[in-house]
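Please work from the sequences and hints to get the whole structure.
Chains as they are written, first to last, in my numbering: chain A, 1 to 476; chain B, 1 to 476.
For the record, the hints were derived by calculation from the structure and aren't laboratory data.
Don't take every hint at face value.
Pairs count within a copy or across copies, as identical chains cannot be separated in the list.
Heads up, simulated DSS-like pairs for lysine-lysine below, C-alpha to C-alpha not over 27 Å straight-line [stated by the list, open to error]:
{"id": "1", "residue 1": "Lys237", "residue 2": "Lys281"}
{"id": "2", "residue 1": "Lys323", "residue 2": "Lys279"}
{"id": "3", "residue 1": "Lys8", "residue 2": "Lys237"}
{"id": "4", "residue 1": "Lys323", "residue 2": "Lys281"}
{"id": "5", "residue 1": "Lys237", "residue 2": "Lys425"}
{"id": "6", "residue 1": "Lys425", "residue 2": "Lys157"}
{"id": "7", "residue 1": "Lys157", "residue 2": "Lys8"}
{"id": "8", "residue 1": "Lys157", "residue 2": "Lys279"}
{"id": "9", "residue 1": "Lys157", "residue 2": "Lys300"}
2 protein chains.
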Amino acid sequence: VKDHPLRKIMHPRSLAFYGASNNILKMGSILMANLLASDFQGSIYPVHLKEKQVMNLQAYPRAQEIPHPVDVAVLVLPTEVVPEALEDLGQAGIQRAVIISGGFGEIPGGEGGRLQKRLVEVAREHGIRFIGPNCIGIFSHDASLNTTPFGNAPGGKGIAFASQSGAFTCQTYELWRKLGASINQTISVGNEADLDLADCLEYLVEEDNVTSVCLYIESIRRPRQFIRAARRLVEAKPVTAIYVGGTEAGARASLSHTAAISGSEELYDGILRQAGIAKAKDVEELFDITWTLATLPPMKGDRVAVITNSGGPGASMAYQCEKAGLRVPSFSAALQDKLHSLLPPTAYCVNPVDITYALNLLLLRDIAQIIFESGEADAALIYGFFGKEFVSNLAKVFPDAIESFAGVQSDFFLTGVQEIALLPKQLGMPAAVLSFSGPESEPNRIIMRNGMPVFSSARRCARALVALRNRSRAMQ
Amino acid sequence: VKDHPLRKIMHPRSLAFYGASNNILKMGSILMANLLASDFQGSIYPVHLKEKQVMNLQAYPRAQEIPHPVDVAVLVLPTEVVPEALEDLGQAGIQRAVIISGGFGEIPGGEGGRLQKRLVEVAREHGIRFIGPNCIGIFSHDASLNTTPFGNAPGGKGIAFASQSGAFTCQTYELWRKLGASINQTISVGNEADLDLADCLEYLVEEDNVTSVCLYIESIRRPRQFIRAARRLVEAKPVTAIYVGGTEAGARASLSHTAAISGSEELYDGILRQAGIAKAKDVEELFDITWTLATLPPMKGDRVAVITNSGGPGASMAYQCEKAGLRVPSFSAALQDKLHSLLPPTAYCVNPVDITYALNLLLLRDIAQIIFESGEADAALIYGFFGKEFVSNLAKVFPDAIESFAGVQSDFFLTGVQEIALLPKQLGMPAAVLSFSGPESEPNRIIMRNGMPVFSSARRCARALVALRNRSRAMQ
Numbered sequence: 001v002k003d004h005p006l007r008k009i010m011h012p013r014s015l016a017f018y019g020a021s022n023n024i025l026k027m028g029s030i031l032m033a034n035l036l037a038s039d040f041q042g043s044i045y046p047v048h049l050k051e052k053q054v055m056n057l058q059a060y061p062r063a064q065e066i067p068h069p070v071d072v073a074v075l076v077l078p079t080e081v082v083p084e085a086l087e088d089l090g091q092a093g094i095q096r097a098v099i100i101s102g103g104f105g106e107i108p109g110g111e112g113g114r115l116q117k118r119l120v121e122v123a124r125e126h127g128i129r130f131i132g133p134n135c136i137g138i139f140s141h142d143a144s145l146n147t148t149p150f151g152n153a154p155g156g157k158g159i160a161f162a163s164q165s166g167a168f169t170c171q172t173y174e175l176w177r178k179l180g181a182s183i184n185q186t187i188s189v190g191n192e193a194d195l196d197l198a199d200c201l202e203y204l205v206e207e208d209n210v211t212s213v214c215l216y217i218e219s220i221r222r223p224r225q226f227i228r229a230a231r232r233l234v235e236a237k238p239v240t241a242i243y244v245g246g247t248e249a250g251a252r253a254s255l256s257h258t259a260a261i262s263g264s265e266e267l268y269d270g271i272l273r274q275a276g277i278a279k280a281k282d283v284e285e286l287f288d289i290t291w292t293l294a295t296l297p298p299m300k301g302d303r304v305a306v307i308t309n310s311g312g313p314g315a316s317m318a319y320q321c322e323k324a325g326l327r328v329p330s331f332s333a334a335l336q337d338k339l340h341s342l343l344p345p346t347a348y349c350v351n352p353v354d355i356t357y358a359l360n361l362l363l364l365r366d367i368a369q370i371i372f373e374s375g376e377a378d379a380a381l382i383y384g385f386f387g388k389e390f391v392s393n394l395a396k397v398f399p400d401a402i403e404s405f406a407g408v409q410s411d412f413f414l415t416g417v418q419e420i421a422l423l424p425k426q427l428g429m430p431a432a433v434l435s436f437s438g439p440e441s442e443p444n445r446i447i448m449r450n451g452m453p454v455f456s457s458a459r460r461c462a463r464a465l466v467a468l469r470n471r472s473r474a475m476q
Numbered sequence: 001v002k003d004h005p006l007r008k009i010m011h012p013r014s015l016a017f018y019g020a021s022n023n024i025l026k027m028g029s030i031l032m033a034n035l036l037a038s039d040f041q042g043s044i045y046p047v048h049l050k051e052k053q054v055m056n057l058q059a060y061p062r063a064q065e066i067p068h069p070v071d072v073a074v075l076v077l078p079t080e081v082v083p084e085a086l087e088d089l090g091q092a093g094i095q096r097a098v099i100i101s102g103g104f105g106e107i108p109g110g111e112g113g114r115l116q117k118r119l120v121e122v123a124r125e126h127g128i129r130f131i132g133p134n135c136i137g138i139f140s141h142d143a144s145l146n147t148t149p150f151g152n153a154p155g156g157k158g159i160a161f162a163s164q165s166g167a168f169t170c171q172t173y174e175l176w177r178k179l180g181a182s183i184n185q186t187i188s189v190g191n192e193a194d195l196d197l198a199d200c201l202e203y204l205v206e207e208d209n210v211t212s213v214c215l216y217i218e219s220i221r222r223p224r225q226f227i228r229a230a231r232r233l234v235e236a237k238p239v240t241a242i243y244v245g246g247t248e249a250g251a252r253a254s255l256s257h258t259a260a261i262s263g264s265e266e267l268y269d270g271i272l273r274q275a276g277i278a279k280a281k282d283v284e285e286l287f288d289i290t291w292t293l294a295t296l297p298p299m300k301g302d303r304v305a306v307i308t309n310s311g312g313p314g315a316s317m318a319y320q321c322e323k324a325g326l327r328v329p330s331f332s333a334a335l336q337d338k339l340h341s342l343l344p345p346t347a348y349c350v351n352p353v354d355i356t357y358a359l360n361l362l363l364l365r366d367i368a369q370i371i372f373e374s375g376e377a378d379a380a381l382i383y384g385f386f387g388k389e390f391v392s393n394l395a396k397v398f399p400d401a402i403e404s405f406a407g408v409q410s411d412f413f414l415t416g417v418q419e420i421a422l423l424p425k426q427l428g429m430p431a432a433v434l435s436f437s438g439p440e441s442e443p444n445r446i447i448m449r450n451g452m453p454v455f456s457s458a459r460r461c462a463r464a465l466v467a468l469r470n471r472s473r474a475m476q
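Next comes the structure, spelled out in C-alpha cells:
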C-alpha cells in the first residue's frame with residue numbers, strides 16, 4: 001500500500017502551516033519554530049490571515065493562494081476555526097492533514113463533539129485524510145520532519161511508534177537514548193477522528209526502514225480492522241503494545257484524554273493475542289522489547305548462556321532467565337574444558353561462566369566466541385565491561401605510572417568491547433548486555449552503537465529474551 | 001549494640017593495609033590507591049615484608065611493628081598467606097579485619113575450603129571478627145572510607161546495602177544516582193566465614209544515619225538468627241531484599257560464587273515474610289523501594305491522587321496504581337469545583353487531574369497543594385515538569401525574543417518545581433514523580449535533591465507506593 005494516506009503525511013515534500021504567527025508565545029509559533037529548527041528539506045508555507053511574513057517565510061491568507069503544490073497541512077488553530085481551515089484545504093486540493101488543535105471530542109459536553117463531527121464531514125466531502133485532532137504531531141526521520149513541540153527523537157532505521165498519547169511519543173526520547181535505540185517514525189494519533197491505529201498498522205507494512213513497531217493503546221476503535229491489519233503487519237515485523245484502559249480509573253482517564261471507550265483487560269488481552277501483538281507491562285518493557293526485536297537475530301531455542309566476570313550479576317541473570325521460563329543448562333564437559341584452558345583456575349565454566357576479575361576484554365571476547373560457536377546455547381547474556389572510569393581514581397595517586405597503564409587498558413577495553421558487540425550479527429545468535437550504567441559509560445556506548453541492547457537489570461534482560469524467543473518461534 | 005564488631009569496622013580511625021606495594025598492576029595496590037584517593041581522614045599503615053615505603057607512606061614488615069593503635073586491617077593478599085597475616089594481626093592485638101582475598105570456600109575441591117576453616121580458627125583464637133573472605137570491601141560515608149576498587153557511592157544519610165555480591169554494592173552507583181538516592185554504607189559480605197548478613201542486620205539497628213536497608217541474598221546461612229535480627233531492625237527501619245538462589249541455575253551460580261547453599265523460592269519467601277522484609281523482583285525495584293522508604297513520609301491509606309499535564313501519563317499512572325492494588329478514587333464535587341476554578345475549561349478534575357498543557361508550574365504547585373490538603377488522597381503521583389531544554393530549539397529561530405521568554409519560563413519552571421518538591425515533607429503526605437528523563441533534566445535534579453523520588457515508568461511509581469503503603473500499615 002505505497003499509496004496509503006499516511007505515506008504522504010509521513011514523507012511530505014511541502015507543508016502548509018496554519019496557526020503560526022510572529023508571536024512566539026503562541027503554541028502554533030512554538031511548533032513552527034521547532035519545525036524550522038529541525039532539518040526538514042521541503043518547503044513550508046505559513047497560512048495567516050493578516051501577517052505577510054511569518055518567521056521570515058512568505059505567508060498566505062489562505063491555502064488556495066499558495067502558488068506551489070502542497071502535500072500536507074499542519075493545523076495548530078483555535079478549535080472553532082479548524083473546520084473552515086479544512087474547507088480551505090479542500091478548495092486548494094490539499095488532501096492530507098495533521099490536526100494538532102484540541103478541544104474536540106475529548107471535552108465532555110457536546111460542542112467539542114459537534115465540531116469533531118463537522119471536521120469529519122468536511123474531510124469526507126473533499127477526500128481529505130487526517131491525523132488528529134488533539135494530537136501532538138508526527139516525527140519522520142527519513143523526511144527530517146518534526147511537527148511536535150519537542151526535539152528530534154534519536155533517529156535512524158528502526159522503530160515506529162504509533163500512540164494514543166503524545167507524551168509517550170515525544171517525551172520519552174531519553175528512555176530510547178538510554179537503550180541506544182533508533183526511531184524511524186512516531187505518530188501521535190490523538191482522537192482518531194479519521195486515521196486511527198489500524199490505519200497505522202496497515203501503512204507500516206511497506207515502510208522498509210521500520211523494523212519493529214510499538215503501540216500505546218487506550219482504546220481500539222475498530223477491533224476487526226485492527227486485528228486484520230496487525231496480522232498482516234506481524235508477518236513482516238514484530239509489534240509490541242501497552243494498554244492502560246483496563247482498570248476503572250485508567251478507563252476514566254482515557255475517556256477524558258482522547259474520548260476513547262476502553263474495555264476490560266481480558267478483552268484487550270484477547271484482541272492483542274489474536275492480532276499476534278506482544279503485550280508489555282509498562283513503557284520500560286515496551287521499549288526494551290521493541291528495540292530487542294528490532295536489532296537482534298532470531299533466538300532459535302530456549303537455552304541461554306550467561307557470561308560474567310562477577311558472581312552476583314551472573315547468578316541474577318541465571319535466576320531471572322529461569323524465572324522467565326528460559327533455560328540455563330550446564331555446558332558439556334568438552335566445552336567446559338575448552339573454556340577452562342583459557343581461564344584462571346578460580347574461574348567457573350559450567351554456566352553461568354564466571355571468568356572472574358579480568359581486565360582484558362579480549363579474553364571475554366574469546367570466551368564469548370567459543371560459547372557462541374559451541375551450539376550449546378541459543379542466546380547469551382553478558383556482564384562485565386569496564387570503562388576508563390575504573391582507573392580514574394588511580395591516576396590521582398600514580399600520576400606518572402597511570403598514563404601508560406590507562407592507555408593499555410583502554411585499548412584492551414575498547415577493542416574487546418567492539419569485537420564482542422559484533423558477535424550477534426556475525427554469528428547469528430542474539431546477545432544482550434547487563435550493565436548498571438547507561439550510555440555515560442564508553443563501553444556501553446560502543447555496544448549500543450553496534451545494535452546490541454544494554455539493560456540495567458537481569459530481569460529486563462530475561463524478559464527481552466523471552467519476547468525475542470516468542471517472536472522467533474512464531475516466525476519459524 | 002554500639003560495641004557491635006561491625007561498628008569499628010565501618011567507622012575506623014586507623015587501618016593496617018596488607019597487600020599493597022609500589023607495583024600499580026597488583027590488585028592490592030589498586031585498592032590502596034583508591035583508598036588514598038577517597039577522603040579517609042584516619043591513618044593508613046601499609047604492611048609489606050620488603051618495601052620500606054608504599055605509595056609514600058611508611059610501611060611495616062608486620063602489624064606487630066606498627067607503633068600506633070590500629071582499629072581495622074584490610075587484607076588483599078594471595079590466598080595461602082592470609083592465615084599467617086591473621087596470626088600477625090592477633091599478635092598485634094588488632095581484632096577487626098576486612099578480608100578481600102578470594103580463593104577460599106567458593107573454589108570447589110578442598111584446599112580453599114581448608115584455608116577458610118583455618119582462617120576461622122585463627123580468628124577465634126585471637127578474638128578477631130572479620131568480613132569476607134572473597135568480598136569486594138566496604139564503603140562508609142560517615143567515615144569517608146572506601147576499601148573497594150571503585151569510586152565512592154553518592155553518599156549521605158540514607159541507605160545501607162548489605163550484599164552477598166560485591167558488584168551489586170560497587171557497580172550500581174549510576175542506578176542510585178539516577179534515583180537521586182544517598183547511600184550511607186555498603187557492606188560486601190563475601191563468603192561470610194565470620195560476620196554474615198544476620199550480623200549486618202543486628203549492627204544496623206543503632207546506625208542513626210541509616211534510614212532504610214537493602215539486601216542482596218543468595219543464601220541465608222543462619223536463618224533463625226537472621227529472622228530474629230531482621231525483626232528487631234524492621235521495628236526501627238524498613239528492610240527490602242532480592243533473592244536469586246531460587247532456581248536451579250541461580251543456585252548453581254550462588255554456590256560457585258560465595259559457597260552459598262540456597263533454598264527454594266518458597267522457603268525464602270517464607271523467611272523474608274517472617275522477618276518482615278519486603279521482597280523486590282529485581283535490582284531496579286530493590287533500589288526504588290529502598291529509596292522510597294528512606295525518603296517519603298508514611299502513606300496512611302490506599303487512595304492515590306494522579307496529577308498530570310498530559311493524558312497518557314495520567315491514564316498510565318491511574319492504571320498501574322489500580323493494577324497494583326491501590327485506589328484512584330473520583331474526587332468530591334467540592335474538590336473538583338475548587339480545582340476547576342483555577343484551571344482552563346479543557347482541564348479534567350475528577351482524578352486523574354489533567355491540568356492540560358500549562359507552562360506555569362506555580363499553577364501545578366497550587367493544584368498539588370489543594371489536593372494534598374483536601375483529605376481525599378493518601379499519596380500523589382505527579383507528571384508534567386518541563387526544563388529549559390523545552391525552549392532550546394526555539395532559541396535557534398528566535399534568538400532575540402527567546403532570551404527573555406526562556407528566562408521567565410525558567411523562573412516559573414524552577415520555582416514551581418522547588419515548591420512542589422517540598423510539599424511531601426511540609427504536608428506529611430508522600431508523593432513521587434513520573435518522568436521519562438532522569439537527572440539530566442534540571443527539574444528532576446531539583447526534585448531529587450529535595451528527597452522526592454523520580455521514576456521512569458508509571459509501574460515503578462505504583463509499585464514503590466505499594467511498598468510504602470505496606471510499610472506504613474505494618475508500622476501503624
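Each hint, compared with the structure:
no. : hint            : in the structure
1   : Lys237 - Lys281 : within (20 Å within a copy, 31 Å between copies)
2   : Lys323 - Lys279 : both (18 Å within a copy, 15 Å between copies)
3   : Lys8 - Lys237   : within (21 Å within a copy, 60 Å between copies)
4   : Lys323 - Lys281 : both (16 Å within a copy, 10 Å between copies)
5   : Lys237 - Lys425 : within (18 Å within a copy, 49 Å between copies)
6   : Lys425 - Lys157 : within (16 Å within a copy, 46 Å between copies)
7   : Lys157 - Lys8   : within (18 Å within a copy, 57 Å between copies)
8   : Lys157 - Lys279 : within (23 Å within a copy, 40 Å between copies)
9   : Lys157 - Lys300 : within (24 Å within a copy, 49 Å between copies)
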